[in-house]
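Using the hints provided, position chain D relative to the given structure of chain F.
Listed below, chain by chain, are the residues.
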Amino acid sequence: MAWFKKNLFKKDMFKNASDEKKSVKVPHGMWVKCNHCNEIIYKKEVERNLEVCPKCNYHFRISSKKRVEIIVDEGSFVELNADLEAVDALEFKDIKKYKDRLKDAHKKKCGKDAILTGSGLIGGTKVMLGVFEFAFMGGSMGSVVGEKITRIMEVALAERVPVIIFTASGGARMQEGILSLMQMAKTSAAIARLRRAGVPFISVLTDPTTGGVTASFAMLGDLILAEPKALIGFAGPRVIQETIKQKLPEGFQRSEFLLEHGMLDMIVERKRMKETISMLVSHFA
Amino acid sequence: MSYRNTRDFDKPIEEIERKINELRERSQDSKQENQKGQEDNGEDYSAEIEKLEARAAKLTADIYANLTPWQVTLVARHPERPYTLDHIENITTDFIELHGDRLFKDDPAIVGGMGRIGDRSIIILGQQKGRNTKERFYRNYGMPHPEGYRKALRLMQMAERFNMPIVTFIDTPGAAPDIEAEERGQSEAIARNLLEMSQLRVPIVTVVIGEGGSGGALAIGVADKVMIFEFSTYSVISPEGCAAILWKDGAKAETAAKALKVNADELIRLGVVDSIIKEPLGGAHRDPKASSKNLKEAIITALDELTAIDTDKLVEARYNKFRKIGVFAGDEA
Numbered sequence: 232m233a234w235f236k237k238n239l240f241k242k243d244m245f246k247n248a249s250d251e252k253k254s255v256k257v258p259h260g261m262w263v264k265c266n267h268c269n270e271i272i273y274k275k276e277v278e279r280n281l282e283v284c285p286k287c288n289y290h291f292r293i294s295s296k297k298r299v300e301i302i303v304d305e306g307s308f309v310e311l312n313a314d315l316e317a318v319d320a321l322e323f324k325d326i327k328k329y330k331d332r333l334k335d336a337h338k339k340k341c342g343k344d345a346i347l348t349g350s351g352l353i354g355g356t357k358v359m360l361g362v363f364e365f366a367f368m369g370g371s372m373g374s375v376v377g378e379k380i381t382r383i384m385e386v387a388l389a390e391r392v393p394v395i396i397f398t399a400s401g402g403a404r405m406q407e408g409i410l411s412l413m414q415m416a417k418t419s420a421a422i423a424r425l426r427r428a429g430v431p432f433i434s435v436l437t438d439p440t441t442g443g444v445t446a447s448f449a450m451l452g453d454l455i456l457a458e459p460k461a462l463i464g465f466a467g468p469r470v471i472q473e474t475i476k477q478k479l480p481e482g483f484q485r486s487e488f489l490l491e492h493g494m495l496d497m498i499v500e501r502k503r504m505k506e507t508i509s510m511l512v513s514h515f516a
Numbered sequence: 011m012s013y014r015n016t017r018d019f020d021k022p023i024e025e026i027e028r029k030i031n032e033l034r035e036r037s038q039d040s041k042q043e044n045q046k047g048q049e050d051n052g053e054d055y056s057a058e059i060e061k062l063e064a065r066a067a068k069l070t071a072d073i074y075a076n077l078t079p080w081q082v083t084l085v086a087r088h089p090e091r092p093y094t095l096d097h098i099e100n101i102t103t104d105f106i107e108l109h110g111d112r113l114f115k116d117d118p119a120i121v122g123g124m125g126r127i128g129d130r131s132i133i134i135l136g137q138q139k140g141r142n143t144k145e146r147f148y149r150n151y152g153m154p155h156p157e158g159y160r161k162a163l164r165l166m167q168m169a170e171r172f173n174m175p176i177v178t179f180i181d182t183p184g185a186a187p188d189i190e191a192e193e194r195g196q197s198e199a200i201a202r203n204l205l206e207m208s209q210l211r212v213p214i215v216t217v218v219i220g221e222g223g224s225g226g227a228l229a230i231g232v233a234d235k236v237m238i239f240e241f242s243t244y245s246v247i248s249p250e251g252c253a254a255i256l257w258k259d260g261a262k263a264e265t266a267a268k269a270l271k272v273n274a275d276e277l278i279r280l281g282v283v284d285s286i287i288k289e290p291l292g293g294a295h296r297d298p299k300a301s302s303k304n305l306k307e308a309i310i311t312a313l314d315e316l317t318a319i320d321t322d323k324l325v326e327a328r329y330n331k332f333r334k335i336g337v338f339a340g341d342e343a
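The listed protein sequences correspond, in order, to chains F and D. If you read the first sequence in this note's numbering, its first letter stands for residue 232, the second for the next number, and so on. If you read the second sequence in this note's numbering, its first letter stands for residue 11, the second for the next number, and so on.
Treat the hints with care, since some could be wrong.
Below are the SDA-like pairs computed for lysine to any residue, each with C-alpha atoms no more than 25 Å apart in a straight line [claimed, not checked]:
id, chain 1, residue 1, chain 2, residue 2
1, D, 258, F, 473
2, F, 460, D, 190
3, F, 339, F, 389
4, D, 115, D, 90
Okay, the calculated bits of chain F under chain D, using three or more residues with CB under 8 Å as the criterion [stated by the list, open to error]:
id, segment
5, 324 to 333
6, 376 to 382
7, 408 to 421
8, 441 to 450
9, 480 to 492
In short, the hints are calculated from the structure, not lab data. In this text, a Cβ means the ideal position worked out from N, Cα and C, and glycines have one as well.
The shape of chain F in the complex, shown without the other chains:
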């Protein structure tokens, strides 16, 4: 019998291979798995690539701090209203108290609520900037988020400088009930004033942007940009699937889908974001 016909040998090879696969120990924190293509990638490589998967171009969710670093001119960012904090006005408790959820979120050291706001320079032009922090309760919008957004818009209106907001949010914060819903009206009304005064607002949608955030200021940009493959919609895909009991079409509610349906101006890769915004802002000036 030829050597390659020996079953035993083949089996062994297979066994060895799988054993070897199992025995590979991924040092904690050195590798990351891409949510999109499921490839295991060297973390440093992802970081060097602005948190974008080098294999499939998936744009990882990034912290608000990191976003500011990527977008504004070095050292130019001045944070505003950093101390605004949520209050449990409804004394809300689901399986956990809202107060405890807030405490847990604070432990993550990602800011006092789900948005970082301030002013900064982009390519030398002053802008008012808002960046959602998805790590803080899923970037959900309650009173603090609504207030901070409205405040930067009011500063922008007074100083006549463009507003740029990067969204990453599951929508309105249920724990603040109806008060969260009303933030949609509040922020949208602030944009109405910017429009009347001719102060530009650029909305940049990143993964994910859903619910009450999408259905208010996020879709009201003079320009609406999105990062590639971001989930963008009002109702979440799971809710829609459960309601209609049908499989959702491929790519449904992704940036590319929205662009095709006329809901976005353009899709911009993270590495081109700063220069793109800088150029756009220069046209408005």
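Same frame as chain F, now just chain D:
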């Protein structure tokens, strides 16, 4: 997710009402017998009926004064509760329904048109639910698609052009969660209404007449005066939806309704609603005409007040009204 709609709290009232009806029928029968000339005097139940009626009224008042948030939600969704078109019929004259968003199609989940209330011509619109299976399907359970919000906006902008006040009625579980609604940009449609309504240069009155569910409700609710019927609800998300997400169990809707503070008095406390419109004893469905009458009075009073305000001040006040909603801490200033 099971849709529970049993109003157990109504059962004792219904029990007495059944007895009253029974007695009425019996006294009717005995009267007829008397007319046939029989000697036997017909039994007189009127005293008994009166007593039962008083008991029913007292019981109804007691029960409805102590409804839980979930029970209020069920009353707000009562299948016999007056809907937008019922109220429009009861409170306006010369109403003419208008159709279409001029972009895609007409959405039967939002109805609107021109009508007269008192001596004022107004634009009046709202979400419309259906009363039977066929109608419910046609109205999509009162869940608008983007063309519904866009029709509403078209009508409201026309109202501004012709200086007509706007009255809107909110009665929806929420926006339509389906593929078409997303494809046609329901986020944009809702958002645009919020923006445009905040600047319209005519008075706007909104009344939550049943369910006020999420962005689909707010899309026609950026008003100078927001009122709510006593047994209506207004919420960021349906209790079922909230329960499914936070409790991972849709059956916890009752608990979620309580947590979300969906009731009229809570909404007043939170500064989201300006006033409450009384309902007839035992809810609007027991006497739709009487509830429309209360509604009409409230609208006329509100319009009298708002039309007297200078337009610039009106728009400024509307901005400030929504500007100050929210509770937070940590402000140094």
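Okay, the hints, checked on the actual structure:
1. D:258 with F:473: holds, 14 Å
2. F:460 with D:190: holds, 20 Å
3. F:339 with F:389: Outside the cut-off at roughly 34 Å; violated.
4. D:115 with D:90: Violated. Residue 115 of chain D to residue 90 of chain D sits at ~29 Å, over the 25 Å cutoff.
5. 324 to 333: Coverage by chain D holds for the segment 324 to 333 of chain F (3 residues, Cβ < 8 Å).
6. 376 to 382: Our answer is that it holds, as 3 residues pass the Cβ test (under 8 Å) against chain D, meeting three.
7. 408 to 421: holds (count 13)
8. 441 to 450: The restraint on the segment 441 to 450 of chain F holds, since 8 of its residues have a Cβ under 8 Å from chain D and three suffice.
9. 480 to 492: Our answer is that it holds, as 4 residues pass the Cβ test (under 8 Å) against chain D, meeting three.
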